[in-house]
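Chain B: place on chain A using the hints.
Protein chains: 2
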Amino acid sequence: MSTDRLLHLLRAPAASSSPAARRGSSNPQRLRLPQLAYGVRRASVACSGSGGDVGMTYKSAGVDIDAGTELVRRIAKMAPGIGGFGGLFPWGDDYLVAGTDGVGTKLKLAFESGIHDTIGIDLVAMSVNDIVTSGAKPLFFLDYFATSKLDVDLAEKVIKGIVDGCQQSDCALLGGETAEMPGFYADGEYDLSGFAVGAVKKDKVIDGKNIIEGDVLIVLAKSGLSLNDQLPRNDGLETTVGEALMAPTVIYVKQVLEIISRGGVKGLAHITGGGFTDNIPRVFPSGLGAKIFTGSWEVPPVFQWIQYVGNIEDAEMRRTFNMGIGMVLVVSKEAADSVLKESQGSNRAYCIGEVVKGEGVHYI
Amino acid sequence: MSTDRLLHLLRAPAASSSPAARRGSSNPQRLRLPQLAYGVRRASVACSGSGGDVGMTYKSAGVDIDAGTELVRRIAKMAPGIGGFGGLFPWGDDYLVAGTDGVGTKLKLAFESGIHDTIGIDLVAMSVNDIVTSGAKPLFFLDYFATSKLDVDLAEKVIKGIVDGCQQSDCALLGGETAEMPGFYADGEYDLSGFAVGAVKKDKVIDGKNIIEGDVLIVLAKSGLSLNDQLPRNDGLETTVGEALMAPTVIYVKQVLEIISRGGVKGLAHITGGGFTDNIPRVFPSGLGAKIFTGSWEVPPVFQWIQYVGNIEDAEMRRTFNMGIGMVLVVSKEAADSVLKESQGSNRAYCIGEVVKGEGVHYI
Chain A
1 MSTDRLLHLL
11 RAPAASSSPA
21 ARRGSSNPQR
31 LRLPQLAYGV
41 RRASVACSGS
51 GGDVGMTYKS
61 AGVDIDAGTE
71 LVRRIAKMAP
81 GIGGFGGLFP
91 WGDDYLVAGT
101 DGVGTKLKLA
111 FESGIHDTIG
121 IDLVAMSVND
131 IVTSGAKPLF
141 FLDYFATSKL
151 DVDLAEKVIK
161 GIVDGCQQSD
171 CALLGGETAE
181 MPGFYADGEY
191 DLSGFAVGAV
201 KKDKVIDGKN
211 IIEGDVLIVL
221 AKSGLSLNDQ
231 LPRNDGLETT
241 VGEALMAPTV
251 IYVKQVLEII
261 SRGGVKGLAH
271 ITGGGFTDNI
281 PRVFPSGLGA
291 KIFTGSWEVP
301 PVFQWIQYVG
311 NIEDAEMRRT
321 FNMGIGMVLV
331 VSKEAADSVL
341 KESQGSNRAY
351 CIGEVVKGEG
361 VHYI
Chain B
1 MSTDRLLHLL
11 RAPAASSSPA
21 ARRGSSNPQR
31 LRLPQLAYGV
41 RRASVACSGS
51 GGDVGMTYKS
61 AGVDIDAGTE
71 LVRRIAKMAP
81 GIGGFGGLFP
91 WGDDYLVAGT
101 DGVGTKLKLA
111 FESGIHDTIG
121 IDLVAMSVND
131 IVTSGAKPLF
141 FLDYFATSKL
151 DVDLAEKVIK
161 GIVDGCQQSD
171 CALLGGETAE
181 MPGFYADGEY
191 DLSGFAVGAV
201 KKDKVIDGKN
211 IIEGDVLIVL
221 AKSGLSLNDQ
231 LPRNDGLETT
241 VGEALMAPTV
251 IYVKQVLEII
261 SRGGVKGLAH
271 ITGGGFTDNI
281 PRVFPSGLGA
291 KIFTGSWEVP
301 PVFQWIQYVG
311 NIEDAEMRRT
321 FNMGIGMVLV
331 VSKEAADSVL
341 KESQGSNRAY
351 CIGEVVKGEG
361 VHYI
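So the sequence lines, in the order shown, correspond to chains A and B.
Letter 29 of the first sequence, counting from 1, is numbered 29 in full-length UniProt numbering, and no numbers are missing.
Letter 107 of the second sequence, counting from 1, is numbered 107 in full-length UniProt numbering, and no numbers are missing.
Bound conformation, chain A alone (with noise of 0.2 angstroms):
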């Protein structure tokens, strides 16, 4: 695969995402919010420049977030009599939380690599790494697997994933459905979503409400991609990229219940669209923001990879990729020594910052 190539591809959302909204995840401030939150992942851009030699930005790279934020606005306006609370649906005591999602354009990743078994993994990992989020048990999933031609021994390897990702999440894969649809899709391609469902108990739920300043940002290491990851060059080694971010996504459903249920955590937020810089505040109360300490954990080489090759900025990067870290959690100070305390090998935490006055996100 070539550079420019790699490039490309590494824009899918699994590694970045754009900054634009979801539509109606499980996040939780979706709580207070009395209507749809709709929102569009932009999964991968046009590289503008060729080679390393040209800065990129999403902007630059030709990405039109303003047709996104249109179609939100427009979706807003249509549909608040229906929506309810976006992702909460009261029931009982509790609330049942939905997700949906694809895995975007790191389905171009496994068509190159021909690695289709772990593509699974990632696409349930995007529906319960966002219900968690909530505070959210995971109970069951469903799947959509869409081609122009049925091809059995790649169906089953997708399946499986998905199979091996629901037993990691502890829920039952409910069902699915597989669509052949002639002339929709390239040759040996497919398209993904799942769909997931959990429940929370209504005074358990996580919304961030209870944040305040003073709070410790705690983050779960993405082992997905390890930090011993060989550093890729342009020699021939590149495959080494593409195999590394095939790496599936965590899953991090029963690391994060397990914290939740020691108490303390206040707000959560999975790392996919808009890096960092985007996602981390979504969970914060107006009037807070983020301070980040960013010699607080280690960027895994393949980032630092990416950002020689593509000459790309501190500030792009880090509203782009996730930088290695898949969940940040908004923890009282108490409740962090000990989740950092209990914390050891690929499970481990990190302390990266801390809840602020004033909004929006600071590195220091």
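Be aware that one or more of the hints could be misleading.
Any copy will do: because identical chains look the same in the list, a pair fits if it lies in one copy or spans two.
Below, simulated SDA-like cross-link-like pairs (lysine to any residue); rule was C-alpha separation at most 25 angstroms, straight line [as the list claims (entries may be wrong)]:
(1) Lys204 <-> Pro90
(2) Lys149 <-> Glu316
(3) Lys201 <-> Asp93
(4) Lys149 <-> Met317
These are calculated hints, taken from the structure and not from any lab test.
This is chain B only, laid out in the frame that chain A set:
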């Protein structure tokens, strides 16, 4: 649109589909399966003949039903441990009932006709009509919209249809995802999938197990294809067919729940894939079959036209198309009298047959 092209598109799932099993749909017979029931929708087939002079069957058209069957077999092998009862999730006194589906190649009709404001109704209909077959009231719906380049005006039309569908089925549009994935779809094309969740009291679930010989088959009119549609010909009136077929799928939720509330409903079949012959017996206990009175309802002219220009045999028509019928109810004789007496206008119900000893569907 040419006759050939139209015939090709006609074998789309809203009008027809293969008899392969659905994966984990909410069809009540799933209740009796201790593992996932996966299946495959084959959304379209290529026409093997040109013009109206070659008889078409699924087999002659080259659909590889064996591939779907093989995938189902393999998934059943890997998934039993986590599956539970496909489509039905026990939750307190209720079952949560979930269904996922797309609209298949009816999308191609939307692309060709330029009619995008009702395909969202089809999307919602596919899932909510499925889950209501277990007696479940739909609670909420989520959609996944995937395209290569976001066209705000087009997406707004599509989502407007989804909003309409949710209103018709009295469920909340809880969220969705818009995926913009360059290179996945042809210009102006997109794919859609939808997910619906409903609930039914455990002691009210409808699963067909009480069906006995002598029960009556009632169908609800598929008013989307009006009985008064002009019979299309090859003389320039063909677009009438396209428009007729773009008429949105009827959402039976409110009508069905109302009929169920009056008692005596023992089983329901949502006729999408497999037409009549394969869908009706899916809801029956083993050892029972159906006797259908072929003259008991009026087949919409559009199907007569399809049969004529495609030179398709009666049996194949019934196996492939819904023949104007969208929902079949299996009810006790007493309930049948009441349902037929109460029905009227566009909500008209017809008695089309009865339950008999011996498996399969017989037309008399």
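(request) At 25 angstroms max between alpha carbons, let me know whether Lys201 reaches Asp93 within a copy, between copies, both or neither. (result) both (6 angstroms within a copy, 16 angstroms between copies)
(request) Could you place Lys149 and Met317 in one of the four classes (within, between, both, neither) given a Cα distance threshold of 25 angstroms? (result) between (38 angstroms within a copy, 24 angstroms between copies)
(message) Cα distance capped at 25 angstroms. Does Lys204 pair with Pro90 within a copy, between copies, both, or neither?
(response) both (13 angstroms within a copy, 21 angstroms between copies)
(message) When Cα atoms must be at most 25 angstroms apart, do Lys149 and Glu316 count as within-copy, between-copy, both, or neither?
(response) Classified as between: cross-chain Cα gap 23 angstroms, same-chain 39 angstroms, threshold 25 angstroms.
The structure is consistent with each of the numbered hints, conforming to all of them.
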